[in-house]
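The task is simple: from the sequences and hints, build the whole structure.
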Amino acid sequence: MKKYLMILVAICIAIFFVYWAGVRVGVEKCSSNALLNSARVQSQIIMLKRDVDAETFSRGVGDIRHILRERYTIAE
0 MKKYLMILVA ICIAIFFVYW AGVRVGVEKC SSNALLNSAR VQSQIIMLKR
50 DVDAETFSRG VGDIRHILRE RYTIAE
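Its first residue numbered 0, the sequence shown is counted upward by one per residue in numbering that gives the first Met the number 0.
It cannot be assumed that every hint is accurate.
To be verified - Across the chosen pairs, the derived CB separations fall in these ranges: (1) SER42 / GLY21: 29 to 39 Å; (2) VAL40 / ILE63: 29 to 39 Å; (3) PHE56 / CYS29: 39 to 49 Å; (4) ARG39 / HIS65: 33 to 43 Å; (5) PHE56 / ALA20: 49 to 59 Å; (6) VAL17 / ALA53: 47 to 57 Å; (7) GLN41 / ILE63: 28 to 38 Å; (8) GLN41 / ARG64: 48 to 58 Å.
The set of hints was computed from the structure by calculation and includes no laboratory data.
Computed from a prediction, not measured in an experiment: that's the story for all the values here.
Even for Gly, the Cβ is constructed at its ideal location relative to N, Cα and C.
So this is what it looks like as structure tokens:
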């Protein structure tokens, strides 16, 4: 009887540790996915900023002054 009780306790402990290990693996996968998504978003922001900066630097000072004069002059 005592032998069966010890086997049952050992099985219960094994099941508990397998469950605990599964939870830890799930948390790590979730954390990894969140970091990957964050890196993708940051990469997209950098690419968009690079495009905007390229457009800004390709314009000349005269062009910017012309655009500002057209938009912000006194009409009357």
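Query raised in the report: Range hint 28 to 38 Å: satisfied by the CB atoms of GLN41 and ILE63?
Result: holds (29 Å)
Query raised in the report: Between SER42 and GLY21, does the C-beta distance stay in 29 to 39 Å?
Result: For SER42 and GLY21 the Cβ distance comes to about 32 Å; the hint holds.
Query raised in the report: Between GLN41 and ARG64, does the C-beta distance stay in 48 to 58 Å?
Result: Violated: the Cβ-Cβ distance is about 35 Å, outside 48 to 58 Å.
Query raised in the report: Does the Cβ distance between PHE56 and ALA20 fall inside 49 to 59 Å?
Result: For ALA20 against PHE56, whose Cβ atoms are near 53 Å apart, the range 49 to 59 Å holds.
Query - Pairwise beta carbon distance, PHE56 to CYS29, judged against the given window 39 to 49 Å - result: Holds, at about 41 Å.
Report task. Given the range 29 to 39 Å, decide if the beta-carbon distance of VAL40 to ILE63 lies inside it. Result -> holds (31 Å)
Query raised in the report: Quick one: are VAL17 and ALA53 within 47 to 57 Å, going by C-beta?
Result: holds (54 Å)
Query raised in the report: Does 33 to 43 Å hold as the CB distance between ARG39 and HIS65, or does it fail?
Result: holds (39 Å)
Comparing the model with each earlier hint shows a violation of hint 8 alone; every other hint is respected.
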